[in-house]
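Asks: Turn these sequences into a full structure, and let the hints steer you where they fit.
The primary structure of each chain is shown beneath.
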Amino acid sequence: MKKSRDIAALVLVSIFLGLILSIQFKTISKSVGEGILPTQRAQQLAIELKKAQSEKEAQTNRIEELENKIEQYEKGGVEDNLYAENLYNDAMKYRMLAGYVDLNGEGIVLEINDPPADVQYGEGYSIIDELDLILQVVSVLNAAEAEAISINDQRYTAFTEIVRAGNHIEINGVSKSSPIIIKAIGNPDTLESALAIKWGIVWQLRNYGYIVNLTQDRNITIPKYSKIKTFIYANPVEEIVN
Amino acid sequence: MKNSNPKIILTLFSILIGVLIATQMRMKVESIAPVTLKSIQDIKVEINSTNNEIIELEKLIKQREDELAIIENISMGDQNIVDILKEDIKLNKVISGRSPLEGPGIRITMFDNMNSEIVGFDIEDALIHDVDILNIINDLKIAGAEAISINNQRVVSTSEIKCGGPVIRINGRSIGTPFVIKAIGDPKVLMASVNAPGTYGDTLKSVYLMGFEPEIQDKVTIPAYSGSYSYTYAKPVGEGD
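In the order they appear, the protein sequences are chains A and B. If you want the working numbering, it's the 1-based position in the first sequence plus 5. If you want the working numbering, it's the 1-based position in the second sequence plus 208.
One thing to keep in mind: the hints can contain errors.
Said to hold, decoys possible - In the DSSO-like style, the derived pairs of lysine-lysine whose C-alpha atoms are separated by at most 27 Å in a straight line are:
#1 A/K61 x B/K267
#2 A/K61 x B/K252
#3 A/K61 x A/K234
#4 B/K294 x B/K267
#5 B/K298 x A/K74
It should be emphasised that the hints constitute simulated quantities derived from the structure, not laboratory data.
Replies: See below:
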């Protein structure tokens, strides 16, 4: 009698142990990918990421090199020709307006950190859920005559969209996540006071619990727009008056 | 003797399993600790986006190489620096919104909720705000709009859209309702981005009962940015100090 009870207990415990182990393995293989241990996978991915990043860097360098060469040729070509020189200045101006030139100057840096996770309700909310706040910041900066704006080092252009993609946001098609760092070149005092005005956008952000840092900076660099914009649907209207 | 035998075995095996699991756990915990499933997901996303950037950069390299080839061949070919610069100006004028464009697209008319009964507790909920327009514009950009205007003011990178009392200010000018937003792009995609159920535009229309009337148009004309613009604070990197 006693022996059979022992065996029964043993069987029960074994079944229980087996169940737990199998559940554990199932969950891990489902969420990570079958047959691969998460550490190996992570290492693999890290290597892949490093490779992609160094490739990107190489390309950026190559572009810089090409652009320098082009600039040299252009400058050399227009040197002894006043008409061409004016054209060159004009071309530079429109390149700046289109966002194809790195700019630097004085301005402000606004950093928006997500609120700390709420102990009571578990995971906190994020700026990713309230993208229109970023749109409003940009609009306020433009109202304060910002000359160039970047969001997490992506130049804000006339085509820049801000869209949620899962746990990230995409700006100019590049994934970014919190914290959001918005830089703007312009009159630092005007920009700062426009953002920090009472009941203004920074007040609103802080009211929602975001941790906001607003600082003036004498030397801000805003990168150029790195995509080629092609128009498929739009055609220029022939200008009659010029 | 016979009675105590299974107990001993049981104890021994329990200890063995315990030790085995413990060593196993220790070994794994050490190497797994910094790796959570979320971080793997994050890395995956980052790789994807870096790869997309690389594709874009490749296009840019190709374009610059072509440009360089053209410039290098100036002396031999019939192109000269003036033509190249003129071409460059024309292109960047279009991209920066300094030349009028036309093409297929949509036209959206927005006006405040004119019903005497309003939705919500506040009269503010019956009015169109800057946020509403910003969201619609963002949705249109996501849908690939190539040019956007609001009441014939071109939306460029420096356009502000701000409520100022009863009007909305854009490009330094005041505009009032009704707001007419025009966009050039794939008309079907643009339409879907503001009209499909669940979009911001649809919510405005069916929940807040705002006037929101998008319509597909074969030809939309969008004017150039009309203000003049000069940089006082920003300087190109590498020039001056």
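Asks: Does each hint hold? Answer for all of them.
Replies: Verification of the supplied hints:
1. At roughly 13 Å between alpha-carbon atoms, A/K61 and B/K267 fall within 27 Å of each other, so this suggested pair holds.
2. Our distance criterion of 27 Å between C-alpha atoms is met by A/K61 and B/K252, whose separation comes to about 16 Å.
3. The hinted pair formed by A/K61 and A/K234 meets the criterion: a straight-line CA distance of about 20 Å does not exceed 27 Å.
4. Our distance criterion of 27 Å between C-alpha atoms is met by B/K294 and B/K267, whose separation comes to about 22 Å.
5. Straight-line distance between C-alpha atoms of B/K298 and A/K74 comes to about 22 Å, which keeps the hinted pair within the 27 Å bound.
Of the numbered hints listed earlier, not one is contradicted by the structure.
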